[in-house]
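Chemist: Read off the chains here:
There are 2 protein chains.
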Amino acid sequence: MSSQKQKLLIIGGVAAGTKAAAKAWRENPYLEITVVTKDQHISYAGCGLPYYIGGVIREERELLVKKPEDFHVDMGIKVLNLHEALKILPDEKVVIVKDLVSGKNINMPYDKLLLATGAYPFVPPLEGRELGNIFTLRTVTDASALKNKLTGSNLRKAVIIGGGMIGLEIAENLTLLGIKATVIELALHVLPPFDRDVALHLEKHLREKGVEVLTGISVTGFTDNGLGEVGAVITSAGAIKADFAVLSVGVRPNVELARQCGINLGTTGAIAVNKKMETNIKDIYAAGDCAENINLITGKPVWYPMGSNANKTGRVAAINLVGDDAGEVLEGVLGTSVVKIFDLKLAKTGLSARDAIASGYEIETVLVPSPDRAHYYPGSRQIITKLIVERKNHRVLGAQVFGEGTVDKPIDILATAITLGASVEQVAKLDLAYAPPFSTAISSTSLAANVMINKMQGKFKGVNPIDLKERMDAGAVLVDIRVEEEYFVRAIPGSINIPLGELLSRVDELDRTKGIIFNCKVGLRSYNALLKLKRLGFANVSILEGGIAAYPFETE
Amino acid sequence: MSSQKQKLLIIGGVAAGTKAAAKAWRENPYLEITVVTKDQHISYAGCGLPYYIGGVIREERELLVKKPEDFHVDMGIKVLNLHEALKILPDEKVVIVKDLVSGKNINMPYDKLLLATGAYPFVPPLEGRELGNIFTLRTVTDASALKNKLTGSNLRKAVIIGGGMIGLEIAENLTLLGIKATVIELALHVLPPFDRDVALHLEKHLREKGVEVLTGISVTGFTDNGLGEVGAVITSAGAIKADFAVLSVGVRPNVELARQCGINLGTTGAIAVNKKMETNIKDIYAAGDCAENINLITGKPVWYPMGSNANKTGRVAAINLVGDDAGEVLEGVLGTSVVKIFDLKLAKTGLSARDAIASGYEIETVLVPSPDRAHYYPGSRQIITKLIVERKNHRVLGAQVFGEGTVDKPIDILATAITLGASVEQVAKLDLAYAPPFSTAISSTSLAANVMINKMQGKFKGVNPIDLKERMDAGAVLVDIRVEEEYFVRAIPGSINIPLGELLSRVDELDRTKGIIFNCKVGLRSYNALLKLKRLGFANVSILEGGIAAYPFETE
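For the record, the sequence lines run as chains S and X.
Heads up: the first sequence begins at 1 in the numbering used here, then just goes up one per residue.
Heads up: the second sequence begins at 1001 in the numbering used here, then just goes up one per residue.
Some hints here could point you the wrong way.
[Claimed, not checked] Below, in silico cross-link-like pairs of lysine to any residue (SDA-like), each with a Cα-Cα straight-line distance of 20 Å or less:
(1) X:K1469 x X:E1556
(2) X:K1066 x S:G501
(3) S:K78 x X:E1556
(4) X:K1461 x S:E27
Hint data in this document are derived by calculation from the structure and do not stem from the laboratory.
No experiment lies behind these values; they were computed from the predicted model shown.
Produce the complete structure using the sequences and hints provided.
Modeler: Structure follows, in structure tokens:
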């Protein structure tokens, strides 16, 4: 190899940039590696910021994974923080970089260039945006600014604009600080990537915890409290008083630098890359939040700005940048994600039912409650698994798991299964670890797969709770077959009670001409009831999927 | 279908028997289903018994999943408890059953028969076995007997014979009751299905918690305390005082009934079945702990008496028993298991390194520590992943994960990957759920896979901690490259300290002719140190896999 060191220049110093730098150093000692970032901090834990606001994470330094010096001492990697890349000159293979401290511009030559410029919080052009006490939360500096502002202040009422993961995590953490939080979401439910039958459970939980949740509402601006600070948020549903506001309507990829030098953007607006993370310009790669991903199921471009993807794409880019013979590719990602809001955890992988239908798949779905560990073991909590399966070949396309129990385990099992192309039958038979403190003997995942198999074999018809009202309005009778004590504690409005043990003796009370929908706690007894009536020749019988456990609306 | 109901007779009423009964009822309403069990209880949670002893589970009734009446009310299934099946007459399709209350024999005809006779605790023919205060633990009745004996007694010193999962769970639960427990294991380490480099960590943990652990020792009998009760356990290493003893040397399949009527047993001693759970005699099936399994990797018969398998095989048997057209098969299982002993959790799936080698696979292994969630998130704990990969095709053959953090999630991810035939490269790129409370941005599983890929690509040579002493005895130098403060807190005997930052300036202190093994906290800095020395032309450099975190012996 030549003794002249090749120059690898990396723009961006958070997840993808620092991951790529370290990996490139390990792969090839003959590189001169420089990381340029306009931020003060590098390699920080962006996903930890909401917890820092709430005090769950106490010290700013805990969020800083590595310091610039660490890279230099351990690997001879030069980190230029407070340096902003202004322009890429691909023909000359030079980046013009501004030293933000001295104000001087530097021409930095490169042999290979990695763009890891990340994403920035989208700030819609709202009236009054320039008022005080309107925050965004993307960097450690942002987080410290908000935290310092709150410390000892009398800001007691927050409006969070945006009901995505970060917005809701902020709502939780502000509530923990004793601040009254209102979340405004433009979509019809919070966490728009999730399906509505799942997300509504989170809205219920947020309200129980004292967070006001307003959905299907747009924000048009802010009013002044008379001191140049926000006083209220103006929405399509009127003004909402606010001592401060947090804008969390999502992020956008930082692509200006790329666009200006002729690098192609994809349909998502992020930088288009191939599976090796190469852009259309030779020797320029992109990784992390600024770059597009491929959805592993649809094969189409998507943009999932997530820390897990940043680390993966940074690694793949590094291997290709240093010119490893075999190279490395990333076939795609699933958008697997998990969030904890107060006591409720929600996780998702692959396609939602909504996205699957939009992508043209014919699907079947089920909602299946289960304890997360042996029901008799202390700490056992309920989770609900939603499976989305392709009808024609039984391939699992997606899953959502939520509840107060463990949800990251089942979603990771399902992400693994989906990645490897598993059918629902294969998922049903997985040999997963069982012991009372960890699981049920039949795992929640296998149970959900078994229910799906029964449904696909036509053994029962299910009604999704979202569709229940429409079915009842059309004349279907909701029969709750739990025992009377359970029914009186909590029931779905409009249901009648016939305990399962009395079903056969009271069968004449049911009108065979009308649709009958059975309901119980989780769906199992409903299935038994349905089988009994089918054996008596009832034709139009179905079960409320997931029973009262999966019912996301108010009960009485 | 004929109006004459087909008779399904099930012998055994715990996991496989009751699962099969319920599933058969749902599959086919035209069956007359009877479950016969000599036990008083049915459908109990065998895996919960140690926790009941320790008071983690407080009430006997919590262990009882269903009562005999439940089956009758919900599904018309007749459950005959306290009824013992004495003999199967396959030609006449009759089972002779004894009513243990009345003492009368009944001839029970069947069309289809399922053997779910389970397993029994093996009691070796030890001298003094008949003495008082020697217990086994298999049924709810056993558990209640031991618990009642301990309540208000002055039995303070227990010897547990057998260091498998149940034996160790008993040791933990007795310790929680303030009883001094000694565990005696015949094998060279506790938890014999695990590899030694993993199991030794559990032995260390047990000792820290006050449990005495003796391995490689055989028990020959018991001495009398003069009152007809056990006074001491006689072993190959002398007598060990005991107020009471618990025999937990494993279980054996209940196959007498099957053997006597001509049903074939397999090489494991359990009932031989095909993938539909059929025995060699027409219309007789077997499921649960009495039946063999197929190992999904080797394709060879194994016997894994576990609740998870009992539920799976019971379900498959039921579908085939009722004659569903398609039928159902279980291709095999992985022996996936998990156990929590005090604060340490250990999980396993697929082949151990030892079993893989014994089965003729050429393998590579790694030991990779990682936090189980973001290191800065409260509650983050370390886990260590051991991967076992086939050299020729990079297929993952097995994994073991242990530590105080979450181990069931990574093992289930790996069980899923192994089932679906994943390579280590596929595991490395899995898109798993990341958020600070749940995972690290690069999951512990992907990290371990990446380390394995580096190792298989020849980027480093690793030394398993079990082999370290031998290597040092042969002249290799162990160089701890952590900073001085870390080294002084805890170090491996015989190591020298050269902090990574000083490595290049102090390189002359190292003898190029001798093997050099680097050590750090988890292995990452050792890898960087190795790369630096390789670049200086050092040929014989390796790293201690998993660093001090994975080192299972005493440190100083």
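Chemist: If a hint holds in the structure, say so; if it does not, say that too.
Modeler: Here is what the structure says about each hint:
1. For the proposed pair X:K1469 and X:E1556, the alpha carbon gap of about 15 Å is at most 20 Å, so the pair holds.
2. A hinted pair counts as satisfied when its Cα atoms are at most 20 Å apart, and X:K1066 with S:G501 qualifies at roughly 16 Å.
3. Note on S:K78 and X:E1556: the hinted pairing is violated, with a Cα-Cα distance of about 37 Å set against a maximum of 20 Å.
4. Proximity of X:K1461 to S:E27 is assessed by CA-CA distance (about 15 Å); at most 20 Å being required, the pair is judged to hold.
Hint compliance for this structure: hint 3 alone is broken.
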